[in-house]
Amino acid sequence: SAVISQKPSRDICQRGTSLTIQCQVDSQVTMMFWYRQQPGQSLTLIATANQGSEATYESGFVIDKFPISRPNLTFSTLTVSNMSPEDSSIYLCSAITQTGSEKLFFGSGTQLSVL
Amino acid sequence: GQSLEQPSEVTAVEGAIVQINCTYQTSGFYGLSWYQQHDGGAPTFLSYNGLDGLEETGRFSSFLSRSDSYGYLLLQELQMKDSASYFCAVKRSGNTPLVFGKGTRLSVIA
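Taken in order, these protein sequences are the chains called A and B. All residue numbers for the first sequence refer to the numbering used here, where the first residue is 1 and numbers rise by one. All residue numbers for the second sequence refer to the numbering used here, where the first residue is 116 and numbers rise by one.
If you are wondering where the hints come from, they were derived from the structure by calculation, not from laboratory data. The reader is advised that the hints may include incorrect statements.
[Claimed, not checked] Quick partial rundown of chain A residues pointing at chain B, CB under 7 Å, derived from the structure: (1) 33; (2) 42; (3) 48; (4) 106; (5) 108; (6) 112.
[Said to hold, decoys possible] Label-pair distances were calculated between CB atoms; the ranges are: (7) B:173 - A:59: 16 to 26 Å; (8) A:98 - B:172: 17 to 27 Å; (9) B:155 - A:16: 27 to 37 Å; (10) A:81 - B:166: 42 to 52 Å; (11) A:22 - B:154: 41 to 51 Å; (12) B:124 - A:16: 30 to 40 Å; (13) B:128 - A:59: 24 to 34 Å; (14) B:209 - A:28: 17 to 27 Å; (15) B:168 - A:72: 33 to 43 Å; (16) B:209 - A:38: 25 to 35 Å; (17) B:143 - A:63: 22 to 32 Å; (18) B:168 - A:18: 42 to 52 Å; (19) A:72 - B:210: 15 to 25 Å; (20) A:26 - B:122: 31 to 41 Å.
[What the hints assert, rightly or not] Listed below are the simulated DSSO-like cross-link pairs for lysine-lysine, each with C-alpha atoms no more than 30 Å apart in a straight line: (21) A:65 - A:103; (22) A:7 - A:103; (23) B:217 - A:103; (24) B:217 - A:65; (25) B:196 - A:65; (26) A:65 - A:7; (27) A:7 - B:217; (28) B:196 - A:7; (29) B:196 - B:217.
Glycine is no exception: its CB is placed at the ideal position from the N, C-alpha and C atoms.
Generate coordinates for the entire structure from the input sequences, incorporating the hints supplied.
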């Protein structure tokens with residue numbers, strides 16, 4: 001299993017600013033992902049955070065807007081850049097502990113509101 | 116592309132049984148997972164079907180039919196604490212990430 005700590009848990013930000021969300025796992029994991037979830041909606045994958053290399057982004061998400069780092073096997077950050085109210089959402093960090101595993105562990109999420 | 120369809124809302128009575136269906140269309144299908152998410156909480160893994168048939172874990176069971184591109188989650192002896200959103204998610208071959216359905220909001224009433 002894996003326990004994922006994510007911070008901040010919530011933030012209110014001004015338009016045009018940036019916020020970096022941190023994700024720390026209590027054990028080494030093979031893969032880490034970042035999802036976005038609007039209240040009452042499904043989870044949309046932003047990107048796969050690759051250790052030591054550039055993240056793999058899904059259609060509709062770009063590195064300039066959502067830069068991601070993953071310096072080691074237990075830590076990743078997601079930055080939401082040049083924020084607009086449309087970026088208001090819940091951002092979730094997740095991980096799998098073994099390659100090919102079907103079980104995804106999630107952090108508790110960051111609720112972001114952009115004014 | 117991929118698509119998953121599940122009902123948006125289901126209401127059931129405490130103590131009853133409820134079934135949440137999920138149909139999917141995807142290439143490279145490998146298996147179907149189910150996740151539970153309470154309001155304000157993180158999604159948590161419930162079950163996974165890699166093969167056709169029924170998987171049982173306590174009060175929860177999950178079923179898969181690959182030929183019908185269909186699965187369901189069965190919750191028995193419903194409790195108030197089961198009120199939550201339930202997501203089916205497709206696992207595809209390789210190390211590709213999960214693709215989630217839109218979720219079914221289950222309300223358990225007395």
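These are the hints, each one checked on the structure:
no.: 1; hint: 33; result: holds, 5 Å
no.: 2; hint: 42; result: holds, 4 Å
no.: 3; hint: 48; result: holds, 6 Å
no.: 4; hint: 106; result: holds, 4 Å
no.: 5; hint: 108; result: holds, 5 Å
no.: 6; hint: 112; result: violated, 14 Å
no.: 7; hint: B:173 - A:59: 16 to 26 Å; result: violated, 38 Å
no.: 8; hint: A:98 - B:172: 17 to 27 Å; result: holds, 19 Å
no.: 9; hint: B:155 - A:16: 27 to 37 Å; result: holds, 28 Å
no.: 10; hint: A:81 - B:166: 42 to 52 Å; result: holds, 43 Å
no.: 11; hint: A:22 - B:154: 41 to 51 Å; result: violated, 24 Å
no.: 12; hint: B:124 - A:16: 30 to 40 Å; result: holds, 37 Å
no.: 13; hint: B:128 - A:59: 24 to 34 Å; result: violated, 42 Å
no.: 14; hint: B:209 - A:28: 17 to 27 Å; result: holds, 21 Å
no.: 15; hint: B:168 - A:72: 33 to 43 Å; result: holds, 40 Å
no.: 16; hint: B:209 - A:38: 25 to 35 Å; result: holds, 28 Å
no.: 17; hint: B:143 - A:63: 22 to 32 Å; result: holds, 26 Å
no.: 18; hint: B:168 - A:18: 42 to 52 Å; result: holds, 48 Å
no.: 19; hint: A:72 - B:210: 15 to 25 Å; result: holds, 19 Å
no.: 20; hint: A:26 - B:122: 31 to 41 Å; result: holds, 36 Å
no.: 21; hint: A:65 - A:103; result: holds, 28 Å
no.: 22; hint: A:7 - A:103; result: holds, 22 Å
no.: 23; hint: B:217 - A:103; result: holds, 19 Å
no.: 24; hint: B:217 - A:65; result: holds, 25 Å
no.: 25; hint: B:196 - A:65; result: violated, 38 Å
no.: 26; hint: A:65 - A:7; result: holds, 19 Å
no.: 27; hint: A:7 - B:217; result: holds, 25 Å
no.: 28; hint: B:196 - A:7; result: holds, 27 Å
no.: 29; hint: B:196 - B:217; result: holds, 21 Å
The structure fails to meet hints 6, 7, 11, 13 and 25 from the earlier list, while all remaining hints are met.
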